[in-house]
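Input sequences plus hints: build the corresponding full structure.
From first to last, the protein sequence lines stand for chains A and D.
So the number in the numbering used here is just where the residue sits in the first sequence, counting from 1, plus 831.
So the number in the numbering used here is just where the residue sits in the second sequence, counting from 1, plus 831.
Don't read these hints as lab results, they were simulated from the structure.
Just so you know, not all the hints are guaranteed correct.
In this list, chains with the same sequence are indistinguishable; a pair is considered to hold if it fits within one copy or across any two.
Said to hold, decoys possible - Computed cross-link-like contacts, EDC-like style, restricted to lysine to aspartate or glutamate with a CA-CA straight-line distance of at most 16 Å:
hint: 1; residue 1: K1171; residue 2: D1095
hint: 2; residue 1: K1079; residue 2: E1107
hint: 3; residue 1: K1175; residue 2: E1127
hint: 4; residue 1: K867; residue 2: E855
Remember, predicted model here, so these are calculated numbers, not experimental data.
The lines below spell out each chain.
2 protein chains.
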Amino acid sequence: MQWLRIASISSDSSARQNVHLAAEWVKNKFEAAGLKTESFETAGFPLIYAETPLPATEGEKKPPVALVYGHYDVQPPEPLELWNSPPFEPVVRDNQIYARGATDDKGQVLTHVIAVCEWLASGRTLPIQVKFLIEGEEEVGSANLEEHLPRLAETLACDVVVVSDSSQYGPGRPAITCGLRGIATYELFVDGPSHDLHSGSFGGAVMNPAIALCHMLSSMIDKDGRIAVAGFYDDVLPIPEIEREAWKRLGSDDAEFARSVGVDTLAGEPGFTTDERRWARPSFDINGLTSGHQGEGVKTVLPAKASAKFSHRLVPGQDPKTITQKLQEHFTQHCPAGVKFKLKPDHGAGAMLADASSPYTKAASIAVESSFGVPPVMIREGGSIPILARFQEVLDCDVLLLGWGQNDDAAHSPNEKFSLTDFQRGIQASAALWQEMGRI
Amino acid sequence: MQWLRIASISSDSSARQNVHLAAEWVKNKFEAAGLKTESFETAGFPLIYAETPLPATEGEKKPPVALVYGHYDVQPPEPLELWNSPPFEPVVRDNQIYARGATDDKGQVLTHVIAVCEWLASGRTLPIQVKFLIEGEEEVGSANLEEHLPRLAETLACDVVVVSDSSQYGPGRPAITCGLRGIATYELFVDGPSHDLHSGSFGGAVMNPAIALCHMLSSMIDKDGRIAVAGFYDDVLPIPEIEREAWKRLGSDDAEFARSVGVDTLAGEPGFTTDERRWARPSFDINGLTSGHQGEGVKTVLPAKASAKFSHRLVPGQDPKTITQKLQEHFTQHCPAGVKFKLKPDHGAGAMLADASSPYTKAASIAVESSFGVPPVMIREGGSIPILARFQEVLDCDVLLLGWGQNDDAAHSPNEKFSLTDFQRGIQASAALWQEMGRI
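Take a look at the structure:
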């Protein structure tokens, strides 16, 4: 709760001090537990590193090294009016803890921190070495971690990166996530007249930037939900049949899924199931629209400008830089006469695939079953953890995604929550995981 | 300047007191000049009425009665950061007075108020009776004046309504405006999921309300600038050839017009000139767009809702209620599955045409030439003064639109201004007008 009270919003420049405080908090936690701890300064927020002692080795056999990765920054809490309790004043209702960051990602990070701290507190040495890297810019693209990664390669050297920043497949259905989508985020600016114009004196004779913006955004995706940017799907790798089959056996229920998000019906790219659309097909979302008069009442202006924040989720095969080029070409073609546009790319990262058959995945399955009572299902998730693909490249390691959250935990939304039961199970599964890895 | 300092923004409920203060100010002005003055209370803001004494009549001949109509409310000043000086702290730069309301409409109303006050102050009686009706809801549709108009018919009885709430054709080119466009304003709400969703976990599987909104708005107008709502043009009356010919002779310059608003090129409905598009063809403008994250930085959400404020300018033949029906049908057809829409009509009014050959128009031509040094050109304007058509119906009178402003006065925009030279000429023309009308 102390950690959740810190409004560590990495995208909000006015919250800078809070983000540093959140870093301090977890650093102190590691130090208190006697871990060797370091804070690597960056141009942005510090990278908090900690490691347990090397276990005693028997002869040749070298026990594996696991690196737990997570983040102490959070998404903005807006819209505030939709929260039932203040986002940074955590409360427990019905065995759920409500706060921004409860599940994404402070609560889930803490399961591993506590598991290791308890293990050490009990006086026993861990059968493997566990390292921690907790950053403060995951929600804004991890640019600084990416920059520092190469020079930290030796420190962070490991066999597997363990991440808990995702969800179970459903209540009581723990999952190991073997793939994540990539991401590319943008802001699109459309500029028209030098100032807002009277829509009576000028309407019909001067291109309206908000209309131009709607035309440009509408042209990106057809009415059926297929992205209409030329070449957008060129590099998309098809979903392996074996995974499509396995996912169908998960028995997801579209009607129930629609109810859970409060819509009458789902919508998306034709020819794919809901899980396929969410996990393994690229998507386009407008994240924000801004133009003209947004206050109360009527103001009959022809606005000088309009802008949109939008993002794509990418899948294996797609490269954010290529997507940016295709978008630039698309908008150049579709920008109406009488206005100018500017496409500003923010951050981008490719998709990530993990090895579902690695010994670490097997160890994780045993550990998860021992704590949750059922074996985990193998899934993918639609979210992005941009840095994981870089870990795989730079550290030449496996990745193990063990999500303790639920799909309805409202990450990035009002009333974000995390189940205290899943919190406890996560701690137990984490402790058991180090045990099982010791047997590899 | 006293009047301009009062931020009488009728669409802003927090400015209510200011709007009443602006009403008081002009009422006091009339009383100080010795006019018989009344304030008619309404559900909204008061209607300020004043009249000059009836002139002595010679035998049968009954001198005409003119009703000066104007408004003391103003548009919102936003965006404030684009003003070179605060909108409600009037300043004079280069012989122009800068303030919200300078030209629309306080400054122009004042030309008639001053002309009549000076006339009376000089001790002479006016050759005609001049009445004033200054309202406080012109910028929000004049609903209350419209409601009270019938029961005020006797008080307001007149031969011609004189309005100065428009512009000259250009600098040194005074105009008599013989037509105005009507208006229909709306807000369109699109609702999707019950709360903002994580675009990673849900993107591609749930309809994005902001994308739905862009599809729906984009579908309203084709890329060439022709409105694509079925039946939208059904009732549009063609522009009389005689007017089209006269307007072409005005010699408007598209390149210069584009420069004056700061765009490279103009755009609009094919087959019509810029003046025709602005004055006599219906238009569609998005006045505001709102959805999702508008603050700093990235927030990868699938927003729960999106909305737009938009408006149409209507031309003779078109009825706002019919347009609302056609829009409702259009959106019902074009609303994507997975979201719901709500179309909220705000205010609507038909277009207005004045009699260019009436004796009042002839009197005005002489008066304007005597003060501006050149005869006025006959034009239309694209703006709307919703109540004028109602005046014509209820009071069975002519309408005379004498605009003293300029197209670049930035009405409804930052840095609204009014030329002090035009202000003076307006006062002289107004005084001469009563003289000329006395000769009818």
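Status of the hints after comparison with the structure:
{"no.": "1", "hint": "K1171 x D1095", "verdict": "between (38 Å within a copy, 9 Å between copies)"}
{"no.": "2", "hint": "K1079 x E1107", "verdict": "within (9 Å within a copy, 60 Å between copies)"}
{"no.": "3", "hint": "K1175 x E1127", "verdict": "between (30 Å within a copy, 14 Å between copies)"}
{"no.": "4", "hint": "K867 x E855", "verdict": "within (15 Å within a copy, 75 Å between copies)"}
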